[in-house]
Amino acid sequence: MTRVFAIARVTVYGLVGRRRSLGLVLLGLVPAVILTIFGLSETDRETEEFFRVGILPMVLGVSVPITALILGAASLGDERQQKTISYIAMRPIRREAIAAAKLAAAWLSSFLIAGFGALVTGVVFGWTTGSWDEIPAFLIATGITTLGFVAVFQVVGFITDRAVIIGLGYLLVWEGIVTGAASQVSTTSLWRIGASAYAGIQTEGLADLEDLLSGVNPGVWGAAAKVVVLALTSVAVTGYLMRDRDLVR
Amino acid sequence: MTTSPAFVSNPTVEVTELSKWFGQKVAVSNLSCSFGPGITGLLGPNGAGKTTLLRMLAGLTQPSRGQLTVLDTDPRRDVMVFQKVGLVPEDDAVYEFLTGRQYVEYGAQLAGVRNPAQAATHAIGAVGMDDAAGRRIEGYSKGMRQRIKVAGALVNDPEILYLDEPLNGADPLQRVRLIELFHSLANEGRTLIVSSHVLAEVEKMATRIIAMVDGRLAAAGDPSAIRAAFTDIPYRVRIDADTPRKLGSALLNHSVIRSVEVLDDILHVQTRDLGDLGRLLPTLARDLDVRLTMVQPEDLSLESVFRYLVHGK
Chain A
677 MTRVFAIARV
687 TVYGLVGRRR
697 SLGLVLLGLV
707 PAVILTIFGL
717 SETDRETEEF
727 FRVGILPMVL
737 GVSVPITALI
747 LGAASLGDER
757 QQKTISYIAM
767 RPIRREAIAA
777 AKLAAAWLSS
787 FLIAGFGALV
797 TGVVFGWTTG
807 SWDEIPAFLI
817 ATGITTLGFV
827 AVFQVVGFIT
837 DRAVIIGLGY
847 LLVWEGIVTG
857 AASQVSTTSL
867 WRIGASAYAG
877 IQTEGLADLE
887 DLLSGVNPGV
897 WGAAAKVVVL
907 ALTSVAVTGY
917 LMRDRDLVR
Chain B
6 MTTSPAFVSN
16 PTVEVTELSK
26 WFGQKVAVSN
36 LSCSFGPGIT
46 GLLGPNGAGK
56 TTLLRMLAGL
66 TQPSRGQLTV
76 LDTDPRRDVM
86 VFQKVGLVPE
96 DDAVYEFLTG
106 RQYVEYGAQL
116 AGVRNPAQAA
126 THAIGAVGMD
136 DAAGRRIEGY
146 SKGMRQRIKV
156 AGALVNDPEI
166 LYLDEPLNGA
176 DPLQRVRLIE
186 LFHSLANEGR
196 TLIVSSHVLA
206 EVEKMATRII
216 AMVDGRLAAA
226 GDPSAIRAAF
236 TDIPYRVRID
246 ADTPRKLGSA
256 LLNHSVIRSV
266 EVLDDILHVQ
276 TRDLGDLGRL
286 LPTLARDLDV
296 RLTMVQPEDL
306 SLESVFRYLV
316 HGK
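For the protein sequence lines, the chains are A and B, in the order given. For the first sequence, the working numbering begins at 677 and goes up steadily by one. For the second sequence, the working numbering begins at 6 and goes up steadily by one.
Accuracy of the hints is not assured; some may be wrong.
Residues from chain A shown here face chain B by an in silico Cβ test under 10 Å; the list is partial [claimed, not checked]: (1) R696; (2) L698; (3) G699; (4) R721; (5) Q758; (6) Y763; (7) P768; (8) R771.
Covered stretches of chain A (chain B as the covering partner; in silico rule of three or more C-beta atoms under 8 Å from a C-beta of chain B) [said to hold, decoys possible]: (9) 678–690; (10) 733–746.
In case anyone wonders, no lab produced these hints; they're calculated from the structure. All C-beta atoms in this analysis are idealised placements derived from N, C-alpha and C, irrespective of residue type, glycine included.
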């Protein structure tokens, strides 16, 4: 366990301590700025509705996945590109343990950054509407969504150097267009799974979310279970790939 | 098997008909050899397949064909073997954002060393990096990076150490210290495999050399045998003179000359001894009243020497 913690600690240090983190923090604060401008000119009811149909998808569908993409793909991808992976791979540690440590680190780093943006957005919402009880649901949904995206992008980052381009294409086409247009596949949309966790906790204003969820049933435990299964699958696949593929290019 | 100089009697690392290719490019081709305690130099020009071989031995790259064992184990299948193995990669594979001490201590933690801080202090001391260990690696010179990588590989007290061009970037004093360190590790009964493209460098370290070219075994043996093989190679020399044919005809009468060729009024000769040719030419030119304008060895690159060892041409 000490080894897993050591990998996770150094990975978080490497991911969060870089200049790109500043850009991701700023990205995470964009919804808060937009909500502030909107809240100053509209009624509480209109702000609440805008938060659910405008801000929630902006956070869960844009800033969270982009943060998870950049950091998730970098957690193992950077080690491979910079060839530092030999330093951890040539140690008596199971490949799955390395993959799990990397996933945990990428999730924590992404959640620290995206969660900060979500927290500030939640505070702005509370400040403009006087309703503070949305914040826990919003943060839990952010955490669940982050884990789902990091699980996917870590594998992509290990496989290819073009993970960011592929990931952006996936976000735009699959998450942005296909799963919104076809309700049969909407349950595979990771940000909608995150939104369903929010809807499972924050039952007030559920009608506002029906279109967004596009057929995904509200429920925090169901959403959590889905992303945990995805994370375990990601660890297993990454572990297999680490054994089966060349670790340095 | 042990009669061939490519094999040792008490191997810790064994390679059998090992090949690795990347698409159409063959990096290692049907290589069989073994390594045991002491320092074995892995010698070859750039692109010979040395790094690919070390990466396969380190379990970082999957062989395309063949087998290898490290301490009787396949490193791709049993990661526990890495308790006894260390690698100093050629690449600048260090965490820039860590200090030297953090980097080495991290390696100790990953290796499951009982007291990581103490092990790190010991390894850092062994490479003479005590003073700089508290600084971030991003500020290190190339030589310092090399030394901290060596410390990171030594921190788990490995039985087997792979060193890929370990003296790159090190200044002369650092080279001497690192070579002394490698000798002391070898004297303790460890297996060190040191890759380099510089024969003189390998000669200072290794008691045995495996020479590779184009992914294949070119020669194996002790350094004196390899050096003898090198000096037996015919050299090609370009000679510019005002009457090249006259000089060429005269040179053919001397045993030091293997062949003579005149192309575009430029004389090309092959000799097995550059020194003898150097002594013969001025005398002959004076006697024949031939004016020499340039004498230049051709094709003296390490690649050509290795290629001769493999292909005989």
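Quick rundown of the hints versus the structure:
no.: 1; hint: R696; result: 13 Å, violated
no.: 2; hint: L698; result: 15 Å, violated
no.: 3; hint: G699; result: 17 Å, violated
no.: 4; hint: R721; result: 48 Å, violated
no.: 5; hint: Q758; result: 7 Å, holds
no.: 6; hint: Y763; result: 6 Å, holds
no.: 7; hint: P768; result: 5 Å, holds
no.: 8; hint: R771; result: 7 Å, holds
no.: 9; hint: 678–690; result: holds (count 7)
no.: 10; hint: 733–746; result: violated (count 0)
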